[in-house]
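*Asks:* Residue strings, one per chain:
There are 2 protein chains.
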Amino acid sequence: MVLDKIHTPHDVKLLMSPELNKLAGDIRSILLEKLSNCGGHFGPNFGIVEATIALHYVFNSPVDKLVFDVSHQSYPHKILTGRKVAYTNPEHYNDVTGYTEPKESVHDLFTIGHTSTSISMACGLAKARDLAGRKENVIAIIGDGSLSGGEAYEGLSCGATLGSNLIILLNDNNMSISDVNGGLYHHLQELRESQGTCDNNMFKAFGYEYIYEEKGNDVTAMINVLRRVKDIDHPVVVHIHTQKGRGYKPAEVNREDWHWSPPFVKETGEKRRPMAGENYDNLVADYLLDKMKQDRSVIAMCAAVPATIGFDKAHREVAGDQFIDVDICEQHLLSMAAGVARNGGKPVVATFSTFYQRAYDQISQDICINNLPVTILIRNGSIWAGNDVTHLGWFDMSLFTNIPNLVFLCPTNCEEYFAMLDWSIDQKEYPVAIRIPRGKVIHTDKPVQKDYSDLNKFLIAKEGEKVAVLALGDFFPIGEDVVSAISSELGFEPTLINPRFASGLDYELLSRLTENHTIIITIEDSILDGGFGQKIASFYGNTDMKVLNYGLKKEFLDGYNAQETLVSYGISSGNIICDIRGIM
Amino acid sequence: MVLDKIHTPHDVKLLMSPELNKLAGDIRSILLEKLSNCGGHFGPNFGIVEATIALHYVFNSPVDKLVFDVSHQSYPHKILTGRKVAYTNPEHYNDVTGYTEPKESVHDLFTIGHTSTSISMACGLAKARDLAGRKENVIAIIGDGSLSGGEAYEGLSCGATLGSNLIILLNDNNMSISDVNGGLYHHLQELRESQGTCDNNMFKAFGYEYIYEEKGNDVTAMINVLRRVKDIDHPVVVHIHTQKGRGYKPAEVNREDWHWSPPFVKETGEKRRPMAGENYDNLVADYLLDKMKQDRSVIAMCAAVPATIGFDKAHREVAGDQFIDVDICEQHLLSMAAGVARNGGKPVVATFSTFYQRAYDQISQDICINNLPVTILIRNGSIWAGNDVTHLGWFDMSLFTNIPNLVFLCPTNCEEYFAMLDWSIDQKEYPVAIRIPRGKVIHTDKPVQKDYSDLNKFLIAKEGEKVAVLALGDFFPIGEDVVSAISSELGFEPTLINPRFASGLDYELLSRLTENHTIIITIEDSILDGGFGQKIASFYGNTDMKVLNYGLKKEFLDGYNAQETLVSYGISSGNIICDIRGIM
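Chains B and E are the protein sequences, given in the same order. No gaps in the numbering here: position 194 of the first sequence is 194 in this note's numbering, and each next residue is one more. No gaps in the numbering here: position 255 of the second sequence is 255 in this note's numbering, and each next residue is one more.
The hints are simulated quantities; they were obtained by calculation from the structure and are not laboratory data. Just so you know, not all the hints are guaranteed correct.
Where chains are identical, the list cannot tell them apart; a pair therefore holds if satisfied intra-copy or between any two copies.
[To be verified] Derived lysine-lysine pairs resembling DSSO-like cross-links, with alpha carbons at most 27 Å apart:
#1 K135 to K293
#2 K457 to K13
#3 K135 to K428
#4 K204 to K135
#5 K313 to K266
#6 K553 to K428
#7 K135 to K291
#8 K215 to K230
#9 K34 to K22
#10 K34 to K135
Extracted from the complex, chain B is given alone in its bound form:
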């Protein structure tokens, strides 16, 4: 293997042309082996192999600075920068994260996992370089998908005027996570089809030198084009055309399914953890299609991840104009939803907890100040969701429950979730956020409330005494465990409450609890800081009620194990019982 010779990026520079091509093959083959076992971002990494080799052949990392947008395409970069063992040796598979990580290597400048920031960061690197009087190259590597996010244009506009070296490598594979949609992609298509010569070049409009390279998967072509721009004294966009999933047939054919893949059978591409059986994605997709059929004003809206509501190609076709994917534009998504609601539509917006962070201002200003009936579905808002530090689902509750007017609901089972969703879509009074339950679908045979317009009414699931346990959403089963444990170990029957609303308190119920309770337990699947439990503690601040808050710690964890983390945070019935004993 040529890869055997590569220990540092410098070793890449010593290779001859045929070896460079072999190196590309070597990288793909170890990636295929690891990803078939572990899963990961497939398409983006297979597409960028040649460009990455060329980058390290031409530039001198870490003196020259490479910033990978989102950095989910940084596996070949990691392989070439001293970390190949994490791809060749199963015992070391977990040595690296799926994103760039400065703790791993001096060749990684930032921990990155959200899109569209690379040009801005590169502008900052370039500016600091210029102030210091140095001359290193600064290169942002950004995909066409990431380019749709507003910040990328902000970075483009600023970078055009810095007046010094700034190289933007636009890796265009004509694909976002799902299809690309907006006018931007009409433009990129024209550029590709004309080999970069078409009229109305937006990069030139902003003041960039612009170079098009069709052969983005040809190492020699890539080396040549990067040599042209090395040490350039002004901003340049190098637009390359690559193929997502290049070199592995199933991924070349079905690019959406192979953007990220679970483990699979290498020989056939068959996924090893297919999302079979009942799950919230399938259920909500069916529900929404049915709702749309009944009501033309219902529209499902997403930002590049239609999978958050289980919408694959077939669902999208059935939904027709009642579905829109706005590309990676969370800000636009929420403002547009405000517009839909203002003009009589019933928008259901869906994305991941972590990506809503991009749209705090639009949720607050456009939706909540205007009090518009937008339904906001939050997926992966849970400790049991993605465990990458850049994709934590722990912050949405303290982020969004403190916005006035927003009704924030935490369903505890399937029937409650769909009752809340159905109520939210049809009501006209409130903006509503709903945390989609995480994990195995839990059913209840008890009747669930249909109407949630009497805000902040907590539900007493089990009436008892002395201790009241308030357990929100996904953590309701933990509350049930605590209640059982109290009953069996402490010998009395406590009260169990499903608060349902995380955005306001049931003052009447809470006041009533003081009559025959002395301890309140709150349990939430969210950081404690700024969250639900602290509001309860504040409410009881001037009383004799003891309040114990259980939830996640305000910290950034990477690659954590959910169960171990819960234990370390004391979120277990054993520990909670122990704390109760300590007080009683």
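Put chain E on the given structure of chain B with help from the hints.
*Replies:* Chain E alone, transformed into the frame defined by chain B:
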């Protein structure tokens, strides 16, 4: 006055050409009268008079839908839509807000005050219209300044593909709040200079029909161009050139000073409330220029509002390449600052509390996950700042103090502020946010701490017993009042604490307080939900300590009076004493 005939937009349609010009004059003259008395957004409104008349002449609001970006340029629109008395009669001056407001009129679709959302909202209006099978026109009116915000491009990209009527009126006055800077403006300048005919038209690139109209301040020309696009069946950008501050000499000459103006002498333009004397803007500007002179790696960074750090043109010239204004691009601003810090620079970022809401994700991901030493100065984070519902400074504390790694400081006086700022700029360990004190400069003759790297150490300002008062930042003087009142009215000496850190607790000190205190009072210039006091309440949840939290309510207020609001929230020494008596 022609204006006497105008009671509804329909009346505009009945005017003949000469009357339309007179109407423009009438509008400017009542605006001049009101603004000279009350202050307000001057330049944007004087520039858009003719375009607004033409909009109402050609389109049929409220059937046709007008969305004004930021909506600080909606005064002429308000005058023409039944609200002129609010501009002609001083007794009714306060009947209207400075932004569009659906509560005032059916002609206002949204309460808006942040930039760059109008195209997205218009996309939503258009989408809901299309689903309902209606045909009204949807028009977004957006200034060139607002176009720099990333969401505007997101909206442009989406709008290009909706395939139906969408009219974007780009009001280009070659000016943001301050100067315009990015590559976008290089492009707009080329378009203006070529009368819209230059190569590389980015609007055409995205798929828009594009029309240029040089005479944006000519009613007839504006009527003609809008007639061309009325009832159009596809998306179009109408790019018009207008003059900011048009029709009032001082505003035409000094456009930055007249973007927003305090009351002034009509005849001369002399401002009635000049920012004379010592204030935090002047002080920080001088401090930063001095710091920059000593250290080339220090860079001040802002997003279109250099006034937040007192940087007028003269300061900007002195700072040279150690200052950058990135246009209205808060997201880019914070990511770029991360890049500067990563490459050895010392970035000081400044904007308003309300605008940082745009950059929560960049602060969390790019700065805090990466733990980069960026100094974030928050201006107007206070109940005493702007009282428009879209510009409230009450949310930043609960928004940002719950982000891991961020050190959030609340100085209580001038010396403490500059000590914190100086420490923050030179240290390399933490991202630091500092709330700039609001209002009159308060000095102390006590020595202030220079080093804040021992995090979350609260300062005991006065050692006492029974009651401990923790008063943050701007509310520290209220804490002093409470302490005096306790001393004189309750007859003992309580403890007064300046927490300084809002992002973490001094557990050791708080534990120690239980020895000889039974009541904790917290006072914060921020909403209580998600804030500082609730963390204290949670900390003491399992103890006998009583905790009373004082702060602002989670609600959207518009045009409030700060003093009355504080009283209504119970934030006064009188009320707090009363609550303490109730417990004791």
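*Asks:* Decide, hint by hint, whether the structure agrees.
*Replies:* Hints and how they fare:
In the homo-oligomer, the alpha carbons of K135 and K293 lie at most 27 Å apart only across protomers (22 Å), although the nearest pairing inside one protomer, at 60 Å, exceeds that limit. In the homo-oligomer, the alpha carbons of K457 and K13 never lie at most 27 Å apart, since the shortest distance is 66 Å inside one protomer and 52 Å across protomers. Taking the closest pair of Cα atoms, K135 and K428 come within 27 Å of each other only across two copies (23 Å); inside a single copy the shortest separation is 58 Å, beyond that limit. In this assembly of identical chains, the alpha carbons of K204 and K135 lie at most 27 Å apart only when taken from the same copy (24 Å versus 37 Å across copies).
Proximity of K313 to K266 under the C-alpha cut-off of 27 Å is restricted to the intra-copy arrangement: shortest distance 24 Å within a copy versus 63 Å between copies. In this assembly of identical chains, K553 and K428 lie within 27 Å of each other by CA distance solely across copies; the values are 24 Å between and 36 Å within a copy. Taking the shortest alpha-carbon separations for K135 and K291, only the inter-copy value of 25 Å comes in at or below 27 Å, while the best intra-copy value is 59 Å. In this assembly of identical chains, the alpha carbons of K215 and K230 lie at most 27 Å apart only when taken from the same copy (18 Å versus 45 Å across copies).
For the identical chains of this complex, K34 and K22 are intra-copy neighbours only, at 19 Å inside a copy versus 75 Å across copies, given an alpha-carbon limit of 27 Å. Taking identical chains as interchangeable, the C-alpha atoms of K34 and K135 are never at most 27 Å apart, the minima being 38 Å within one chain and 54 Å between chains.
The structure fails hints 2 and 10 (numbered hints given earlier, in ascending order).
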